[in-house]
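J.: Given next are the chains, with one letter for each unit.
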Amino acid sequence: MIMRGVQQLLLPASPTFIWASLLAALLLDMLPFGRNPWMPDFMALVLVFWNVHQPQRIGIALAFLFGLGVDVHQTALLGQHALSYTALSFFATMIHRRLLWFPMSSQAIQVLPLFVVSHLVDLSIRLVNGDAFPGWSLLLAPIIEALLWPVVSVLLLAPQRRAPDPDENRPL
Amino acid sequence: MSLGTLDRSPPPFFKQGASAFSKLLLFSAIALFLMVADSRFSVTQPLRAALATALYPVQWLAMQPVRAVRAVGDYLTTLESAKTESQEASTKLLAQALRASQVEQLTLENKRLRILLDLREQLKVEGMAAEVLYDAADPYTRKVIISKGMASGIALGSPVIDESGVLGQVTRVHPLVSEVTLIIDRDLAIPVLNVRTGVRSLAFGDAAGGGGLELRFMGSNSDVLQGDLLTTSGVDGVYPPGLPVARIDRIERRAETAFARIHCIPLALVSGVRHVVVLAPQSSQIAPRPPESAPVTPVKKGGRS
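Chains as they are written, first to last, in the numbering used here: chain V, 8 to 179; chain S, -2 to 302.
Mixed in with the good hints there might be a few duds.
To be verified - Here are some, though not all, of the chain V residues that point toward chain S, as calculated from beta-carbon distances under 7 Å:
| # | residue |
| --- | --- |
| 1 | Pro44 |
| 2 | Phe71 |
| 3 | Gly76 |
| 4 | Arg133 |
| 5 | Asp138 |
Because the hints were derived from the structure by calculation, they are not lab data. We put the CB at the ideal spot given by N, CA and C, even for glycine.
Same shape as in the complex, but just chain S (with noise of 0.2 Å):
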């Protein structure tokens, strides 16, 4: 039995509008081309910040109730795990202490290394503290949202680290807030470097989306050993060189493949994470290309001239 509605107002009988299979028609060619305009000339970015920004209140209500149990929870942390984090912080401390007082005096020594070499003067890297909003609840893709934006001077492909490691990398700037995509999202790469070895490698998310990192391309009797730390190589002009990413976890070398399968676990909190660092982007204190040389013009053989 359907039910009748009350209505004040008759259903129009002849203003019906549009059909809806026009409509349908209509909105799914504006989507495709949406899709298509997003994905291979992303011109959609300002449609994308307008509508990140009017989606704001909304994010921010749903943030509430998460914010309202994190305050829960740390309100009624126990004395006795607030004793425990306190002996490990000291504990961390103290192993940090002889580093720490000796970075003055290696730091000075590095530059007057630097000048007597005749090297390039270390980039300066700066940094922004932002909160982590939310994952992307998208089962597809790993990035989460941080709460700066465009308004507090986010740069688009800024790193992104946490307290142990190299997180990601600001992948979409709105007004408000900006996208990070994880380094352990399978479209993402990051040039690392072996510290026991030195060599430099490329790291890309596991495609098969396990939360990890591959190391590619590293032919089956390459040095690598499990337990190896890879730290940002600094080549690429976005991730500032030294940073630790990640720990190599297993090594599988395979006959039948020229290449070893190397899954690396990740050092910083991927899922999560709380509070991030946004460095600036290595790439506008590159000095710039030098000109190219005039080109050698090829004497001809056998040619005079």
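Just chain V, same shape as in the assembly (with noise of 0.2 Å):
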């Protein structure tokens, strides 16, 4: 018997929907937006959360390949989002015992500073290759993935929060 309140177990997490999640993020990635330095990287941000809730089967070698998938995408150098991936879902490595017993606005803050460091990265190996300071929207990037963490975190993990044996009364 599973008991609902202060210490919930959740539900296995399913496979499918680990990649179903990474490939809906990709696909927002992808959707036409257009070019604004401060678009949110919601692959960034479903690495990180899998990283940290689910660390034996979503690694670095997944970052990192996600990463040569953004980069072909966007036509930049083969390796670029690759290489902040793989920073991204180390530092996420590092974190994951500890993150998790903070309420959810402190998981915000704390998950920041690794999308700064992120598009940190990013940043600096497009200025290496010679390209232009984007503007300084880009600042806006980590801060609005940090702020959407706490929504990723809810929609990511409902299904795990599903009842065990569900019944007539709780179909879901």
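Since each chain comes alone in its own frame, lean on the hints to assemble the complex.
T.: Written out as structure tokens, the structure reads:
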């Protein structure tokens, strides 16, 4: 019997759902919203989420591969997002035991440096490669990503919060 | 409070795999290697093409909402705007009718004159229509992705035009799609000719990323005026001559530099273009370079040979 309330246990995460969410994030990144430096990187957000919640399943290797995909889509230098996602995933793995003990608002503040580092890696590779600075609104991107952290946490944990023994009163 | 998970299998105690730090080192090294290989040696094209093909279904899926919105927008065009557009089109047609009817005669005349003057035949230009899939979401560069690739016979370096002027150049070809770098990208240069004066020069994408072009290396006393039309000069072996590129917008002559800053506005719809024509690169038609004549042996001073 699973107790609701203080010590809530979650259902195991389904691998299908993890992959579907990663693909959905890739799809969101690919939606043609135009060239905005402040656009949050949904892929980074979902990768950090699964790295924190399922470090056994989603690790650095997968982050690297998705980074390569984003590079090809954005016509960027091959390996640039791969490097920034690798760093992101590493730091997420580093903090995954600590992070979940905090309330949601503190979690958002604690993942903010991760996104800042990821965008910094991205920006420094661009600048070394001779690209122009895209504008200060770039600073907004990690902040928006950190603000989206609670939203993503609620959305992606929802399937695991379902009842373990669905009946007529609790169909989900 | 951490949330426990009701996993059916216990986490492995001893089989943990490589440590996160060693993985970080390994994948960072691979990423750095890929970046160097991509920017310096350009050997990663097969990997990129394979990834692009694998990503194509997802990209196609991401394009669907945009297509739906466009289709609905086209469907909901009011009668009023349709009428206006039709009127504009017929006005344009009238304006072009005279020139269009003279083309046949001028072409014939041009051909005869060229034969008379013993000039080389003008190059033939072949084109292929393509649809713009999306603007690359990269805020650092100006590129678009078009819907034709290696499978349709797009060649690397082909010039791309739209209905009003030169748009850019194909810089990467994947099996199903290609990347077009726009003329306003700061890394692209295009040789142009000022139609009014006949002076050739080079136009570069605006370094500040303002969406314009810059005519560089023109002396501050050079003969340029606001509103001059710049067309391709055809000396590069890439773009066919005579395609409109840009119009001069603003000239800043400063006392402290020997060069004028000349800003131009591209004529092609660099943002929001939907249909383009990819031309075959001219380099395939250009006659090969004549063989080097035998080096003349310099006569030694005072020597008898």
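J.: Failing hints, ascending?
T.: Violated hints: none; all satisfied.
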